[in-house]
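Asks: My request is simple: use the sequences and hints to build the entire structure.
Chains as they are written, first to last, in the working numbering: chain A, 180 to 533; chain B, 45 to 354.
Treat the hints as calculated values from the structure; they're not laboratory data.
One or more of the hints may lead you astray.
Said to hold, decoys possible - Derived CB-CB ranges, DEER-like:
#1 I330/B with F287/A: 46 to 56 angstroms
#2 A143/B with L481/A: 42 to 52 angstroms
#3 F226/A with S312/B: 43 to 53 angstroms
#4 T215/B with H198/A: 14 to 24 angstroms
#5 F351/A with L263/B: 50 to 60 angstroms
#6 T300/A with A143/B: 37 to 47 angstroms
Stated by the list, open to error - A partial selection of chain B residues facing chain A, derived with a Cβ cut-off under 7 angstroms:
#7 A171
#8 L178
#9 G201
#10 W291
#11 T329
Ideal Cβ placement from N, Cα and C applies to all residues, glycine included.
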Amino acid sequence: MPEAPARRSREPRRVGFGHRLSRWDLKLSPYLYISPFFILFLVTGLFPIAYTAVISFMDWDLVRNTGTFIGFDQYAYVLSQPKFWIALRNTFSIFLLSSVPQLLLAIFIAAMLDQNIRAKTFWRMGVLLPYVMAPVAVALIFSNMFGDQYGLVNTFLTGLGLPAVPWHSNAFASHLAIATMVNFRWTGYNTLILLAAMQAIPRDYYEAAAIDGAGRFRQFFSITVPSLRPTLIFVIITSTIGGLQIFDEPRMYDQFGVGGANSQWLTITLYLYDIGWGQWNFGRAAALAWILFLIILAIGVLNLLVTRRLVRDEGSRTDLTPRQRRAAARAARAELATARTATEPATTTTEATR
Amino acid sequence: MSAPTPTTAVALGEHATLTSAITTRPDRRGRRPRVIRGSRPGWFVYASLGVVLASALFPFYWSFLIGSGDAATIRDQNLSWIPGGNFLSNAAAVINDPAVNFWRALWNSIFSSALIAASVVFFSTLAGWAFAKLRFRGSKWLLVFVVATMAVPTQLGVVPLYILFSDLGWTGNIGAIIVPALTSAFGVFWMTQYLQQSVPDELIEAARVDGASSFRTFLTVGLPAARPAAAMLGLFTFVSAWNNFFWPFIVLDRNDPTLPVALSLLQSNYFVDYSIVLAGVLLSTIPLLLLFAFAGKQLVSGIMQGAVKG
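Replies: Here you go:
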């Protein structure tokens, strides 16, 4: 042991200014690095959200830029408006018409792209192309194609001998047209996300299934879909949040931007804009914003629960119920913890001090 | 990043991972043979993909078709599928339309999107570096908080944000759309994930032993390592900032718009000439199409990496 005496003979270390500085540097800099996000979020995110709640209980005066407290009156007013319920119906109709076909299509296209095709990057880029286009631009193109009189779609339909569809006067038809815009822009994006998840599925699963005699469809539904579960949840949640906030497409569906003469395609966000910046009533707009948020939250949670039930987890193919599984995991953890403290107390203490 | 994620590794167990390593040994060209579904996809796959590609391209062609015609083209019952020769004059009509302020809108879009993308990339890398590689009290919960903020809809804060900016006298100012977008929760999360995987801790220790300060370590170790992820984050942020409509539409002045807001003004006349509207649509999309042509590959692989893998 030649090192030990050398170490003993060394002078005691002086804690100099540079050393103290670097210790502070180490301690403080992480907070410094994350602070831009938090400061900006505080000012432009958290404060406005909280303040929206405050404003929603007020009768806001634009001239004095302040309000008088009136309790839940704004909420009651918004909920009593027939327009609100129409907007809610429209939003849900458009949301369902866009997200359901979109996800089914995305899974299908992803399954196609997941094959060993030639020119992979070319196809992937082609699928993503619509995503870079501004929703406003997409809306303008499609509202032209869905024109009532001279639109391409109606020309095509009448060419086939079918009746022309009143894309702007019929509520459901307008929802279909707007949903088409959303699907055009987002299907490719969701396809690539699902494709990424598909590529992460180990190929031996399919090998084993094929040996067991499973056909392509069986493989798809028993291996691919269950393995996509977390990704599906992610995609469904994001498309819910986006779909319930839809604004650009319905706003640009005709030149007036008020959601149709009879509010056929008025959505909640379009209604919010109209209350806030058409009627200049900030109290009501704030109340509507909170109502929208609560709806999104509720649908998000519902989505999560439904998706969890519908799509089986790949790791859960046991006879145990989820509760039993959790209990078993708890028991195992507890056992491990007691075993650890009994045999190696040194390890736990070092971990605690770290 | 295409390596099996922890979840799949756990589900497979050690044994299965071992077998997969043996059976899917890369061939001479470095590709992994796909034993079952790999061989050769049939015509059906290419036909479906062809249909998808055609429907992705068609709206672009349609806007060029109408945008290169005149006001009568759209009413033509026997529409010719060959574009007319009026695209340049229609585009000129958009550019010269005093209500649209095209050059101003183009400049505003480029300036704000570039600034937002640069800022988001820098601050996200900085924060991601802290979350991924530095130890500090509360880091775990602060990161959870960052992720949770992603779920909050924009509309929730729009009214007070508008009041705030009108108090500051910023309504109508391009700063009102830049400032709230300077950082992003998604960006922080994305960079944290990436840096966690891509920078070995030994590298940081080595830099510290050499006496580098914390920030210098970030500049010399973190920033170069983050480059691929930063490029993708920058692209994404640029595209979404460029396409953003709701907030700019509320807060910006009609005379000083961004491109989507300017586009929306094209349609606001009582009589809508679609040949001019769609020429304007195409004109405003060209910058992003160019960006996509040059960086589309990056964008694609970015989405592929960012996905939640099972």
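Asks: Would you mind marking each hint as holding or not holding in the structure?
Replies: Going through the hints against the structure:
no. : hint                                   : result
1   : I330/B with F287/A: 46 to 56 angstroms : 31 angstroms, violated
2   : A143/B with L481/A: 42 to 52 angstroms : 45 angstroms, holds
3   : F226/A with S312/B: 43 to 53 angstroms : 33 angstroms, violated
4   : T215/B with H198/A: 14 to 24 angstroms : 51 angstroms, violated
5   : F351/A with L263/B: 50 to 60 angstroms : 57 angstroms, holds
6   : T300/A with A143/B: 37 to 47 angstroms : 41 angstroms, holds
7   : A171                                   : 4 angstroms, holds
8   : L178                                   : 4 angstroms, holds
9   : G201                                   : 3 angstroms, holds
10  : W291                                   : 10 angstroms, violated
11  : T329                                   : 6 angstroms, holds
Comparing the model with each earlier hint shows violations of hints 1, 3, 4, 10; every other hint is respected.
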